[in-house]
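> Sequence:
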Amino acid sequence: MNNPVVAEQSEQTSEPGVQGPDYEVVVIGAGVGGIYQIKRLIDLGVKATVLEGEDDLGGTWYRNRYPGARFDSESFTYGYSWDQEILDEWHWTEMFSPQPETLKYLNFVAEKFGLREHMQFNCYVEKMVFDEGANTWTLFLKDGRILTTHFVLTAIGLLSVPTLPRIDGVDDYKGQAFHTFNWPHEPINLTGQRVAVIGTGATSIQLIPEV
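For the record, in the sequence shown the residue sitting at position 92 is 91 according to numbering that gives the first Met the number 0, with numbers rising by one throughout.
One should not assume that every hint holds.
[As the list claims (entries may be wrong)] Listed next, the in silico SDA-like pairs over lysine to any residue satisfying Cα-Cα at most 20 angstroms (straight line):
no., residue 1, residue 2
1, Lys103, Lys126
2, Lys103, Glu125
3, Lys38, Glu88
4, Lys141, Leu152
5, Lys126, Arg115
6, Lys38, Lys141
7, Lys46, Thr59
8, Lys46, Phe120
9, Lys126, Lys38
10, Lys111, Asp55
11, Lys141, Ile166
12, Lys38, Lys111
13, Lys38, Glu73
14, Lys38, Gln83
15, Lys111, Glu125
Worth flagging that the hints you see were computed from the coordinates, not collected in a lab.
All chains, please: the whole structure from these sequences, using the hints.
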């Protein structure tokens, strides 16, 4: 997801004979939280789906693929503990898992429990409107589709929108420039290059030793 979802309230009232919603629950975001939510909903027999704006699952661990990206806590604390088979079958290779391994783990969980069939990718939610009379949410997707549901669970997390530096003239820079949130999929060769890193937070601490 690239922007917060806009939610509105409708004064419309439901009419007799109107067809029920498309889903009982819609989860927005297929990251760590969204994967967990859809697994629980499926176990309960709830008709649910996950809408993910990106072209694959992973959330933060799909987008943040910059060199050096990894856990800041021990790997096992990020793992799902609700299934003994997962705990037995998956073994972290590092104490602080790097991004590629974390993404591999999330895909492992999704494949093991058949969660992908309950996920829709490239489905960016632009607006939600709540109908009090029908007690349903109407979701307007960027691709033009409209979905209805009784409940919406937002699992977009705190890192779904990048923070861009407000620097005068930054748009006039003619060299290569990358934001860690939108790091390219293909490798970047910085050998022999002069590199400036803007920011001294946790991300830069991970990035600088790698570049």
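> Output the indices of the hints that this structure fails to meet, ascending.
1, 2, 5, 6, 7, 9, 11, 13, 15
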